[in-house]
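Participant: Here our numbering = 1-based position in the sequence shown + 108.
Take these hints with a grain of salt, some might be off.
As the list claims (entries may be wrong) - Calculated cross-link-like contacts (lysine to aspartate or glutamate; reagent style EDC-like; alpha-carbon spacing at most 20 Å):
{"id": "1", "residue 1": "Lys190", "residue 2": "Asp133"}
{"id": "2", "residue 1": "Lys211", "residue 2": "Glu187"}
{"id": "3", "residue 1": "Lys188", "residue 2": "Glu200"}
{"id": "4", "residue 1": "Lys148", "residue 2": "Asp133"}
{"id": "5", "residue 1": "Lys148", "residue 2": "Glu187"}
{"id": "6", "residue 1": "Lys190", "residue 2": "Asp210"}
{"id": "7", "residue 1": "Lys188", "residue 2": "Asp141"}
{"id": "8", "residue 1": "Lys148", "residue 2": "Glu200"}
{"id": "9", "residue 1": "Lys148", "residue 2": "Asp117"}
To be verified - What follows is a set of in silico ranges between Cβ atoms, one per label pair, in the way DEER data are often shown:
{"id": "10", "residue 1": "Asp141", "residue 2": "His217", "range": "23 to 33 Å"}
{"id": "11", "residue 1": "Ser198", "residue 2": "Thr144", "range": "33 to 43 Å"}
{"id": "12", "residue 1": "Arg178", "residue 2": "Lys148", "range": "20 to 30 Å"}
No lab work stands behind these hints: they were computed from the structure.
Keep in mind it's a predicted model, so treat the numbers as computed, not measured.
Glycine included, each C-beta is placed from N, C-alpha and C at the ideal position.
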Amino acid sequence: EQLEVVGRDALHLVNRKSCTSQILDLTVCNILDPATTIVKVFGCSGSGQLSDPAGLVVGSVRNIVVAESRNNRLCLFTEKRKFVCHCGLSPETRRPSGMALDKEDRELHVLNLQGLVARRP
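Model the full structure from these sequences, guided by the hints.
Facilitator: Put into structure tokens, the structure is as follows:
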């Protein structure tokens, strides 16, 4: 597969094996099925609308946490991609991006602009 940037907020995905291509909107979350050309999208409307999603983790009960960089917050979605709530962290995050979920210690580690790692037990 080949990726190329299309403008600021899009990515062009080309699958040479299946001779297909798609433009992915980078202002939302895209879930790609590697066996097909199906792309599921979430975070594009309503109370769970995302602005500059920059990181994503999936928990043990398959909930999805998305780092929403532009709005300085985390968003929680169900495994069916339904918005649940915005999550607060301590210390407060600024432009959250990369995340790691420690399932053993049940902690979420979030990298943010200040360089501090916020945790939510």
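Participant: Mind listing which of the numbered hints don't hold for this structure, in increasing order?
Facilitator: Per hint list: 3, 6, 8 violated.
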